[in-house]
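There are 2 protein chains.
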Amino acid sequence: MRKVFQAELHQVGEELIEISSLVTEAIEKANQAFTGADVELAQEVIAADARIDFLQNDLDERAIDILALQGPVASDLRMIVGSLRMSASLERMGDLARHVAQLARLRFPAKVIPASLTATFDELATLDIQISRQITELLESRELGLVTDIQSANARINELHRSVFGAISAPDWSETPSTTVDVTLASRYFERFGDHGVSVARKVSYLVTGQWQPESFTN
Amino acid sequence: MRKVFQAELHQVGEELIEISSLVTEAIEKANQAFTGADVELAQEVIAADARIDFLQNDLDERAIDILALQGPVASDLRMIVGSLRMSASLERMGDLARHVAQLARLRFPAKVIPASLTATFDELATLDIQISRQITELLESRELGLVTDIQSANARINELHRSVFGAISAPDWSETPSTTVDVTLASRYFERFGDHGVSVARKVSYLVTGQWQPESFTN
Chain A
1 MRKVFQAELH QVGEELIEIS SLVTEAIEKA NQAFTGADVE LAQEVIAADA
51 RIDFLQNDLD ERAIDILALQ GPVASDLRMI VGSLRMSASL ERMGDLARHV
101 AQLARLRFPA KVIPASLTAT FDELATLDIQ ISRQITELLE SRELGLVTDI
151 QSANARINEL HRSVFGAISA PDWSETPSTT VDVTLASRYF ERFGDHGVSV
201 ARKVSYLVTG QWQPESFTN
Chain B
1 MRKVFQAELH QVGEELIEIS SLVTEAIEKA NQAFTGADVE LAQEVIAADA
51 RIDFLQNDLD ERAIDILALQ GPVASDLRMI VGSLRMSASL ERMGDLARHV
101 AQLARLRFPA KVIPASLTAT FDELATLDIQ ISRQITELLE SRELGLVTDI
151 QSANARINEL HRSVFGAISA PDWSETPSTT VDVTLASRYF ERFGDHGVSV
201 ARKVSYLVTG QWQPESFTN
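In order, the protein sequences belong to chains A and B. Last residue of the first sequence: 219 (full-length UniProt numbering), numbering continuous. Last residue of the second sequence: 219 (full-length UniProt numbering), numbering continuous.
So here's chain A without its partners, still in its complex pose (with noise of 0.2 Å):
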């Protein structure tokens, strides 16, 4: 009985990497489509959205399988808790993946994101990049040490978001207004992604140490 409990336990926490993995992907992909103007890429993370949506369905309903059937206690628990918080973490980073594929696939063929700010968005993508890999790394490793760096990279993320609204407000902004809308939602959805992605990291550090760090930013 405790032996098929800690397959089940396993199997979770795979399948919480797994859908890092295919969150990774498809933020990859999305700022590929986003920045190369590339519509077909864009269409490809918007349908694979639902792929993702079809895990974290999957493994809340066995979570909660696991709740029912074994009764978990303590740190077991806390970690089939803390899995159904993450999911919805991934699910909404995955949203937000295909919400830079809809702006690309919408302004296609133009890109969507002005000459003057191209580095700042790339810059924006590498972190969102970066956080989102960490993390699969994390989930597996449970090495702490990766939660600071995530820390560090959402910390600039906010930083180079208030760039963007500083670009838009200066006097030599002359981009059309749809341009600044659709700067304005790009910069919040890599701004969000951070965040989620630090969410995930700290409920890492929580079922690792028992301690809840408070927050340290806010949004």
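Hints in this document: simulated from the structure, not taken from any laboratory. Careful: at least some of the hints might be erroneous.
Identical copies look the same in the list; a pair holds intra-copy or inter-copy alike.
As the list claims (entries may be wrong) - No more than 20 Å apart at the CA atoms, straight line, and that leaves these computed lysine to any residue pairs for SDA-like:
1. K29 / L106
2. K111 / I168
3. K203 / E91
4. K3 / R62
5. K111 / D65
6. K203 / R85
7. K203 / A68
8. K111 / F165
All of these numbers come straight from a predicted model, not from anything done at the bench.
Mind docking chain B on chain A? Use the hints.
Here is chain B on its own, set in the frame of chain A:
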């Protein structure tokens, strides 16, 4: 034992209602601060969000204790897991009300929204407030007719949200880029608020019927 357990479940339900009431108060006041450029009221909403966060944590801990100590099954288990998820959505709605208040504070003494969009934003806010009130009512009464009302209100919100982008893209849009950013973000906050409201409503519906209603919208 059974009696204690029922009292604890009831307590979780009550706390959910309390959070929902605070969220309603937050979105009502945030909107007043937002439309009236009332910086003190904005400040009040921003400060009050900590109470919502505290109550969410408290509810979550209580729910996890019930899972650990009572090992609920079937509909009781569903109710506990559902509460954890609803509290997360309500907490997020509180954050969004805070974001609206933060925009009001940022632009004070100016108003955030230009006169041409006042009516649209009034309607957005009215619908968000309606949704928030109806969620409290739904949590109290489990009257599923309210779910349909909430979904209809959200469909209208999505229309209005799209119309904001239409207004910004129109040739006669002559606002500053900063205003364009504020309008974009504010519209997004009101729109996300409605989505989270639908998400809570669908969870209540699931708890009552045991049937998971497929999502009828994408965001």
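Do the hints match the structure? See the list:
{"no.": "1", "hint": "K29 / L106", "in the structure": "within (16 Å within a copy, 35 Å between copies)"}
{"no.": "2", "hint": "K111 / I168", "in the structure": "both (17 Å within a copy, 19 Å between copies)"}
{"no.": "3", "hint": "K203 / E91", "in the structure": "both (15 Å within a copy, 17 Å between copies)"}
{"no.": "4", "hint": "K3 / R62", "in the structure": "within (16 Å within a copy, 29 Å between copies)"}
{"no.": "5", "hint": "K111 / D65", "in the structure": "neither (46 Å within a copy, 51 Å between copies)"}
{"no.": "6", "hint": "K203 / R85", "in the structure": "both (8 Å within a copy, 15 Å between copies)"}
{"no.": "7", "hint": "K203 / A68", "in the structure": "between (22 Å within a copy, 18 Å between copies)"}
{"no.": "8", "hint": "K111 / F165", "in the structure": "both (19 Å within a copy, 18 Å between copies)"}
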